[in-house]
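S.K.: Kindly produce the complete structure, drawing on both the sequences and the hints.
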Amino acid sequence: MNPWTTPIVVLLILTSASAGCVGKKRDCTDEGPANLGGQDLRVLDNGAWDGAYAFIKPIFEERTGSRLVQIRAEDAGAALKQVQDSKGAPVADLIYGVDNALFAQGARAGVFQAYESPRLASIDTAVIRLNDFRFNGVLLATPVDHGFVGVNYDRAIRDEASEGALPQTLRDLAGASWASQLVVEDPRLSTPGLGFLVATVATFGENGDYDYLDFWADLLDHGALVAQDWTEAYVVHFSAGYGRGSEGFAGDRRLVVSYTTSPAAEAYYGNTTPPSVSFEPAFGVFHQVETVAILQCTPHVALAKAFVDLLLEPEYQNAAAENMAVYPVTQNATMPEAFTMHATDPKDLRPAPFTGDDLDRNVPRWLDEWTSVYQKHQA
Amino acid sequence: MDERGESRLYAALPTLYLLLFFAVPVLAVIAGALAAGGNDAAGLAREAARLASTDYYRNRIRFTLLQATASTGLTLLLGLPLAYVFSHYDFPGRRFLRAAYTAPFVLPAIVVALALHAYIGPRSLTGLDLLTPLGPTGAILLAHVFYNTSLVLRVVGNHWERLPPGFGEAARTLGASRWRALARVELPILRPAIASAALLVFVFDLSSFGIIVLLGGPRTGTIETLIYQELRSFSPHYGTAALLAMFQLLVTYLALTLFVVLQRRSRTHWTPRSRTERRPLPRPALALLVVATLLLTGPPIALVAAAFRYQGEWSARPFQLLASSEATLGSYTAADAVANSLRYAVATLVLALALASLAALALNRARRAAWAEGLLLLPLGVSSIVVGLGLLLSWDGRFLPDLRTSGARIVLAHTLIAFPFASRILAPTLDAVPPALREAARTLGARPFEVVRRIDLPLAYPALGVAAVYAFGASLGEFGATLMLRRPETVTMPLAIFEGFTRLAPDARVQANALAAVLLVVALASFLLLERLRIRAWGEFA
Amino acid sequence: MSRLRVEGLHAAYDGREILGGIDLDLPAGELHAVLGPSGCGKSTLLRCIAGLKSPTSGRVLLEDEDVTRTSPERRGVALLHQEDTLFPHLDVRQNVAFGLRRASDADERVRHLLELVGLPSLAHRRVHELSGGERQRVALARALAIRPRVLLLDEPLSHLDQPLRVLLRADVRRILREAGATALYVTHDREEAFALADGIVLLDAGRVVDHGGPARIHEQPGSAHAARLLGRRNILEYRRQPHGVETPAGPLPVALPPTAPAQGTMALFEEELTAQRGGEGPKGRVEAVEYLGGRYRVGVRIGTTLLWAEQARADVSIGDEATLDLRDAIPRAWPSR
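Protein chains in written order, with this note's numbering: chain B, 1 to 379; chain P, 1 to 542; chain F, 1 to 337.
Errors might be hidden in some of the hints.
[Said to hold, decoys possible] Computed spacing ranges between beta-carbons, pair by pair:
#1 F/Arg147 - P/Arg184: 55 to 61 Å
#2 P/Tyr89 - F/Ser54: 50 to 56 Å
#3 F/Ser71 - B/Asp30: 54 to 60 Å
#4 F/Gln162 - P/Arg184: 38 to 44 Å
#5 P/Glu3 - B/Asp30: 53 to 59 Å
#6 P/Pro435 - F/Arg125: 22 to 28 Å
Everything labelled a hint here was simulated from the structure, so no lab data went into it. By construction, the Cβ of each residue, glycine as well, lies at the ideal position given by its N, Cα and C atoms.
M.R.: Quick look at the structure:
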């Protein structure tokens with residue numbers, strides 16, 4: 001045998017031993033250091049938090065002396081899944097992006113840690129129902145922004161069609177001419193998708209001649225496209241979305257389920273007339289409240305709490321719109337002009353009137369029913 | 001100790017491993033499915049009936065089987081003529097070209113998808129967009145052909161090369177034209193080898209995940225992606241996922257057992273001889289080579305080239321971005337991903353080789369049953385998603401030690417895929433050692449373990465090298481299970497690439513490309529090592 | 001080297017019995033050849049003695065030690081296979097030294113053995129560089145290196161061509177003698193068996209048909225069956241008559257030994273018969289004349305039986321009437337089974 005063999009084998013064995021180092025078994029009652037510095041705080045997000053992360057990171061790090069680390073998931077579904085699967089040995093310290101439709105699931109799984117921030121008082125309770133995020137009386141997640149899921153369209157349609165020819169109601173959307181131009185997100189994977197589904201339930205109801213499932217059947221039959229997540233819908237398929245102008249862009253769907261503030265964001269960033277428009281009067285709207293929650297068994301409890309507090313501060317809240325095209329939750333927060341100009345005033349929106357409880361009880365069933373319809377009409 | 005006893009001893013560790021890290025996780029998934037359905041086995045049966053009668057699932061299952069079959073067919077269409085060309089003709093660069101055609105096999109699915117995009121995608125370097133007209137299904141088939149042609153080329157080619165020319169020549173002297181001799185004599189003799197190659201390709205295509213995820217579209221869901229989606233959903237149905245996985249398992253097991261049976265029959269009943277005479281290359285064969293070269297070498301080259309493009313210009317910026325700690329890949333740097341990947345690959349290599357050697361020895365010492373061999377290959381065909389999920393559910397500290405925070409979990413999952421592969425490579429070589437050699441050694445006083453140490457291992461040494469490289473490559477490119485098991489601290493290159501690819505920021509995409517190029521180079525380098533060792537080994541799967 | 005005894009050995013493969021009760025006694029230091037048609041169980045017998053196959057019943061004893069249950073590596077029985085089993089990854093020296101793991105005199109021993117087999121300068125050659133004859137000699141050296149108690153050779157020369165075989169035969173004999181080996185040598189080549197062995201074992205269908213010194217075996221086979229195994233063709237039923245015997249070929253004027261049974265089976269050795277034109281003896285028609293290079297073998301049909309004669313010259317051709325001269329024939333007779 002080769003004289004090289006022995007050292008190579010030894011090297012191989014040592015390397016492989018290092019790969020298999022068993023992690024420390026955590027004692028979940030240990031809350032970690034009381035001070036705020038010298039640690040890494042990990043936030044698991046929902047795939048759409050890039051801008052906000054870039055914004056808050058320097059502020060946080062300067063404030064606390066610890067490092068902020070973003071752990072990206074493809075969407076809220078994947079994030080929640082990771083959290084559930086790693087219960088007791090969490091992959092992060094906080095999760096961002098669980099919304100009012102998903103909260104109950106996470107709460108029941110016992111993966112959130114209770115925390116009532118001293119800054120809760122600054123939240124505008126006229127708009128945000130804190131009870132939606134209580135489980136057995138305990139607040140498990142803290143709202144940090146909210147938005148309205150609705151349908152937007154490519155401005156080019158308006159130029160082409162006459163005023164009355166645009167869809168006026170959700171039902172119009174299911175018609176042959178418009179459904180084939182629509183891209184929606186999979187409600188099983190994407191929170192805006194789920195929000196839209198809930199909105200359709202609110203609009204059409206579950207019983208009666210034409211219930212929400214009939215609507216979806218029509219929508220799918222007439223060619224609506226179901227994308228995996230918001231990014232795919234908005235970047236790849238929406239003709240007036242972020243993908244336009246880049247090489248090889250082939251988006252041809254002119255209607256998209258997104259946020260009512262999306263056009264405003266475009267205006268803000270592009271410093272130009274937004275290429276997309278929200279429907280007015282708006283239909284099929286869902287009020288989505290997004291939260292940040294501390295995960296069970298995190299070793300950095302004090303730091304995590306400080307982070308939650310930070311997100312409720314004016315600095316972050318006032319920049320919410322810019323960073324994520326959503327509304328801040330605190331009272332007296334300011335927003336750039338572009339948003340007040342181009343986004344429908346929330347007061348004019350009529351979102352689905354479901355409470356947290358309603359959603360908790362029904363979302364799994366709605367998803368299953370939707371899945372049946374989807375499978376039948378996508379077959 | 002007699003041979004039976006020896007066999008049992010060797011089989012102990014691999015069997016234990018399969019039990020703990022394959023059977024237990026799969027059972028955990030099934031148990032979880034039952035639990036989710038209220039511990040109702042009848043409920044599970046009802047669910048199975050429901051699945052079987054729902055068009056959607058039937059269509060997806062049908063699509064899974066169809067795409068696997070179509071891919072296999074197309075692969076044979078390209079691979080068989082290539083095998084013929086390489087074994088019958090001589091031309092400059094023959095060795096090199098064959099090595100180049102085999103390279104795609106060791107590329108991870110992620111890399112293949114990106115490479116195809118870079119080559120003939122909407123934003124391709126060549127300016128050609130073939131992916132869009134091909135559509136998702138066409139793209140998947142193309143990717144599979146790209147991936148697996150080398151398998152056919154190797155397996156069938158090896159046999160063809162060693163087919164004594166006497167058969168064909170006898171046919172010719174009896175009046176058969178070259179085509180007739182081929183069709184009526186050579187191909188039928190090669191049938192078992194062809195069939196076994198086809199089955200292996202089929203199994204790979206059946207459980208293909210990365211390709212489908214990255215190149216597919218809304219209607220191209222396969223069983224594998226269905227399972228993944230089901231598990232990711234806000235309202236997951238473990239029962240459905242488990243049932244789909246079991247179905248896939250069944251189909252795969254059948255195919256694999258068939259593969260093993262056919263392989264045995266293809267074992268040389270004629271004396272292999274190395275072909276010394278080759279004819280010069282005729283024009284149609286040259287055309288075939290050109291096509292094959294374009295298809296099989298173009299994408300990797302395009303990928304590497306694309307890695308050097310930044311905002312429309314040639315630049316090394318993607319790599320600079322990748323190397324900087326400000327990498328926009330997330331909470332880890334590219335260096336982390338590379339280091340993790342390499343560490344896991346080395347660990348997988350060691351573990352897989354050890355297990356594979358034991359398994360191959362066990363099979364060799366006992367009278368080999370096809371069912372046992374098929375069983376050994378089973379992990380290859382099980383949804384890697386399910387394996388990942390199973391490991392999550394079972395090794396979490398409740399009944400078994402908590403492995404969730406350790407990289408060991410990833411290594412175990414990777415080994416599960418690498419070790420059957422490796423044993424498949426080792427087994428034939430071990431079998432080729434004449435039993436008389438072992439007997440001679442024993443009568444000379446060598447005890448059973450000594451025989452292994454002094455006879456089996458040295459004679460199998462080249463195959464060990466080949467197996468090592470395949471195990472290493474399998475770990476480097478594994479995607480499905482790693483996706484399920486992922487934690488930020490255990491990120492691997494394929495995961496990092498996938499993340500970068502699915503991001504909004506253009507910089508992320510560009511870095512994903514660059515990292516894919518790195519992965520490609522690493523995979524190729526280890527593969528070249530394989531080529532050098534191959535000189536002394538003959539045939540990997542045959 | 002030990003005395004080898006086999007008692008009542010039975011062995012089977014897949015339920016089919018191959019050895020039906022073998023008894024052998026080989027004195028130490030002797031070389032005995034096992035002769036028999038293919039399928040008679042020669043290889044199985046060797047494998048059982050070597051410990052590579054478990055017998056279904058019976059014993060194998062070396063000196064007085066019962067080794068039936070001992071594993072092959074501890075038995076001290078070396079086996080030379082029919083096919084080439086030199087280890088391809090080791091050179092000549094390493095092959096020969098294989099069984100001498102820790103021996104301090106390994107080098108010396110290897111050198112001695114290579115000299116013994118006549119290949120002193122090939123120590124560092126690789127196996128594939130050797131010729132067939134050289135390979136078998138190295139194999140022999142390797143087997144002898146461990147000082148086996150018994151050496152078993154399974155048709156070791158059958159792969160070689162005739163002239164080489166004849167040459168090597170003498171070498172093998174010499175080497176085994178010099179080593180003082182107790183050896184069992186399986187072959188299907190009668191000439192080889194007789195040339196090499198101190199004793200011949202005739203094996204058929206898993207049973208020992210005859211066992212004795214070459215001269216006795218040749219001159220006085222122990223049974224008609226043995227005679228057949230040795231290639232005798234003129235085997236007939238007979239009944240004693242006043243001046244000869246009555247056979248299916250008619251009356252034959254041969255002198256039956258007084259100890260022979262009144263009726264039974266007898267063999268007439270071809271070389272003791274002559275076919276000629278005219279003269280005294282049974283008459284018949286010549287049906288075959290085979291030229292064996294210096295000798296002829298003539299087949300004459302007497303009555304309904306074809307009898308063979310082996311002679312230096314043949315002045316008869318096919319179709320001729322010929323007389324079988326039986327004056328030198330000494331019938332070997334046995335009772336009928």
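S.K.: Would you mind marking each hint as holding or not holding in the structure?
M.R.: Here's how the hints hold up against the structure:
Checking the proposed 55 to 61 Å range against F/Arg147 and P/Arg184 shows it holds: the Cβ atoms sit about 58 Å from each other. Checked against the hint of 50 to 56 Å, the C-beta distance between P/Tyr89 and F/Ser54 comes to roughly 53 Å, which is consistent with it. Taking the beta carbon of each, F/Ser71 and B/Asp30 are about 58 Å apart, inside 54 to 60 Å as hinted. Checked against the given bound of 38 to 44 Å, the beta carbons of F/Gln162 and P/Arg184, roughly 40 Å apart, stay inside it.
A C-beta distance of roughly 55 Å is found between P/Glu3 and B/Asp30, which places it inside the suggested range of 53 to 59 Å. A beta carbon spacing of about 25 Å between P/Pro435 and F/Arg125 agrees with the range 22 to 28 Å that was offered as a hint.
The structure meets every hint from the earlier list without exception.
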